[in-house]
Amino acid sequence: MNLTSIDWAIMLVYFIFVLGIGFLLKRKVKTSTDFFLAGRAIPAWVCGLAFISANLGAQEVIGMAASGAKYGIATSHFYWVGAIPAMVFVGIFMMPFYYGSRARSVPEYLRLRFDEKTRGLNAISFAIMTVFSSGISMYAMARLIQILLVLDGPFQRLGIPPHWIFHFSIAFSALIVLGYIFFGGLTSAIYNEVLQFFLIVAGFLPLVWLGLKNVGGWHGLVQKLPESYSHSWVGMGSPHTNPLGVEWFGLVMGLGFVLSFGYWCTDFLVVQRAMAADSMTAARRTPLIAAIPKMLFPFLVILPGLIAVALPANPVSVGSASMSVPATASPEHALSGKGLIPAKINQTTGQPLLDQNGKAILDYDLAIPNMLLHYFPTGILGLGLTALLASFMSGMAGNVTAFNTVWTYDIYQSYIRPNASDAHYLWMGRVATVFGIALSVAAAYATTRFNNIMDMLQLVFAFVNAPLFATFLLGMFWKRATGHGAFLGLISGTTAAAIHHGLTLPAGAAPGIKGAWLGPVIHSYPSEMAQNFWTAIWAWTTCFVVTIVISLLTRQRDEKELVGLVYSMTERPSEEHLPWFKRPIALGLAVIVLTLMLNLIFY
Amino acid sequence: MGLDIRLPIGGLFTVIGIFLTGYGVLADQAIYQASLGVNVNLRWGLVMLVFGLIMAAFGQRADRRSKH
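Chains as they are written, first to last, in numbering that gives the first Met the number 0: chain A, 0 to 602; chain B, 0 to 67.
Next comes chain A alone, as it looks inside the complex (with noise of 0.2 Å):
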């Protein structure tokens, strides 16, 4: 890659002002409320933005675009289906609880509703979780550090080995992340958050306007590409007929309300960003002003991916294609590509990997990064490789965030040191900032080491999550759920995913982390998003009637202490003050009919 001063320059100035956001808002952080909530008072579009740009790390911004390369436009069910509905959700229903019991984390409104127990499975487990993901947030971003061959120029130049610049890109992004949110905490994590947003858009928009002109518009490019990848919702009926390989049902149980409301409705790392609203009103609104760029999303990083499988593969565009894969690659295994998306290469013979039919394994990750490279010279390539990283330092950053929020309330706090000042806790935020930071890279080193480990790792995860939003909803809406219901439903609804992913295998995968490892094969997946959406559906329903079975057992706490944590106990929030497209409902409603009318129109 041949960067020039002007793209160095761009990106020292992103960073300048990353950390110089963290600075000036250091002498405001003066409690430990102003570290970890941003003080309770972030305007409503301000914590929008947050919301989903906390989301938007790097495996969204590439993954999408790579599963729109590999299935069409079908991968915007996971905006329109898989995250609106849901974001709606909890911001008309939830944030009144979550705003008005003043929890200042969604363990702690556990503790609230529940009890110790339900708070501890989920703090700890989600503590775990945080790090993990930013970590290998950190291990992706080095890895295509050194793939696009960003630094092995300054590297060379400087006379420094090339091995050492992953251990640079790691060391470099946990420093400036860690500069950041120590300083200024959640303040500065959602500042630039909002920061990181707009730039993404500034670095990939005219990706997406000079891709669209090249293959002739949406008419052109809908042209060039097989009749599926033009719809989202022809040949969902069945399986077999759609490029996602899942029916509609398992797609709109399961990545649209189990998965989906899981995320959105339950985890922290988004949730936090709306507890930091200024009032009840602007938290509720948070999620809804945070639905519309989502909606739009689609556009910003599923269409390039379409693009470049609709590019010829003439060897020009080959030519700048093979400079992404490692120099081994000669134009003819790049030929073995589509578009501009490369064929996976072995590493050690220098051939294009093939799959059980014989046809290239082809490598989706690339299609952003090639696109970049395509379309860019230098000057706008240094801007939208600084949009790159910064996607990955925002999903980063809202990790560690949630970290250390989670680590000092809800496990340091609760188990370790209770009752002490709220300087103590406020300097053990700025602790946690560090030890989550390092615990990072350490875990971005060992999935290096053990890639095994990490898939098996997030498979855990999914497992532990696929359960939670069952427990949320009997705890908001049903006053007789217990903390013994919500407990055991949770433990065992992580168990049932468990078994259902142990007893199934997706189509063509070998038993193993694939699934089948408990033994024989119940039923047969037509594809791999369909064993997820499926063992999401039963772990869900299994908590959900287990924490029914299991309250009706146990005694109901006193119904007055459930004030402002259960619907039918809560008042609700008033709206009659407001002007009608200021009230949460008004605006739910209409992201609602958007996103419909966008279903319609590329059904």
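The hints are simulated quantities; they were obtained by calculation from the structure and are not laboratory data.
Do not rely on the hints blindly, as some may be mistaken.
[Stated by the list, open to error] Quick list of simulated restraints, FRET-style, between CB atoms:
no.: 1; chain 1: B; residue 1: 32; chain 2: A; residue 2: 22; range: 39 to 45 Å
no.: 2; chain 1: B; residue 1: 45; chain 2: A; residue 2: 25; range: 32 to 38 Å
no.: 3; chain 1: A; residue 1: 494; chain 2: B; residue 2: 57; range: 48 to 54 Å
no.: 4; chain 1: B; residue 1: 61; chain 2: A; residue 2: 585; range: 23 to 29 Å
no.: 5; chain 1: A; residue 1: 522; chain 2: B; residue 2: 57; range: 53 to 59 Å
no.: 6; chain 1: B; residue 1: 45; chain 2: A; residue 2: 600; range: 29 to 35 Å
no.: 7; chain 1: A; residue 1: 216; chain 2: B; residue 2: 45; range: 22 to 28 Å
no.: 8; chain 1: A; residue 1: 156; chain 2: B; residue 2: 61; range: 43 to 49 Å
no.: 9; chain 1: B; residue 1: 32; chain 2: A; residue 2: 15; range: 29 to 35 Å
no.: 10; chain 1: B; residue 1: 57; chain 2: A; residue 2: 15; range: 21 to 27 Å
no.: 11; chain 1: B; residue 1: 45; chain 2: A; residue 2: 156; range: 29 to 35 Å
no.: 12; chain 1: B; residue 1: 61; chain 2: A; residue 2: 298; range: 27 to 33 Å
[What the hints assert, rightly or not] Pulled from the structure, derived: some chain A residues nowhere near chain B, Cβ distances all over 12 Å:
no.: 13; residue: 88
no.: 14; residue: 114
no.: 15; residue: 162
no.: 16; residue: 171
no.: 17; residue: 174
no.: 18; residue: 311
no.: 19; residue: 413
no.: 20; residue: 434
no.: 21; residue: 444
no.: 22; residue: 460
no.: 23; residue: 498
no.: 24; residue: 507
no.: 25; residue: 512
no.: 26; residue: 551
no.: 27; residue: 573
no.: 28; residue: 589
Quick caveat, the model's predicted, so the values are computed rather than measured.
For each residue, glycine too, the CB sits at the ideal point set by N, CA and C.
Got chain A sorted already, so can you dock chain B onto it with the hints?
Quick look at chain B alone, frame taken from chain A:
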């Protein structure tokens, strides 16, 4: 919170906008073969510059108001 978020956003976009616009004017036009002959540095630089200035102006106004 003291610092209006629109100020740093405006600042960053203005600086990057100036960089890109300046480079778009000065640099050899041959590099725009990749971007289909469009001087994307100049055009996008101007867009970012205008956006940056608008953001900064709003931020400044809010900042002044909160001080009064």
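For residue 114(A), which was marked as not at the interface, is the minimum beta-carbon distance to chain B over 12 Å?
holds (35 Å)
Is 53 to 59 Å respected by the C-beta to C-beta distance linking residue 522(A) and residue 57(B)?
Since residue 522(A) and residue 57(B) have Cβ atoms about 56 Å apart, the given range 53 to 59 Å holds.
Given as non-interface: residue 174(A), which should sit over 12 Å from chain B by C-beta:
holds (20 Å)
Status of the stated non-contact between residue 512(A) and chain B (beta carbon gap over 12 Å):
holds (40 Å)
Mind checking the hinted window 39 to 45 Å against the Cβ distance between residue 32(B) and residue 22(A)?
The hint (39 to 45 Å, Cβ to Cβ) holds, given that residue 32(B) and residue 22(A) are roughly 41 Å apart.
Please confirm whether residue 589(A) is truly not at the interface, meaning its C-beta sits more than 12 Å away from all C-beta atoms of chain B.
holds (24 Å)
Taking C-beta pairs only, is residue 444(A) more than 12 Å away from all of chain B?
Given that every Cβ of chain B is farther than 12 Å from that of residue 444(A), nearest at about 32 Å, it holds.
With 27 to 33 Å as the target window, see if residue 61(B) and residue 298(A) comply at their CB atoms.
At 30 Å between Cβs, range holds.
Is residue 413(A) truly not at the interface, in the sense that its beta carbon sits beyond 12 Å from all beta carbons of chain B?
Answer for residue 413(A): holds, closest chain B Cβ roughly 28 Å.
Against chain B, does residue 507(A) hold up as non-interface, every C-beta pair farther apart than 12 Å?
The claim holds: residue 507(A) sits with its nearest Cβ about 39 Å from chain B, beyond 12 Å.
Given the range 22 to 28 Å, decide if the beta-carbon distance of residue 216(A) to residue 45(B) lies inside it.
holds (23 Å)
Chain B versus residue 460(A) - minimum CB to CB distance exceeding 12 Å, so not interface:
It holds; residue 460(A) is separated from chain B by about 32 Å at its closest Cβ, greater than 12 Å.
Of the hints listed earlier, there is not a single one the structure fails to meet.
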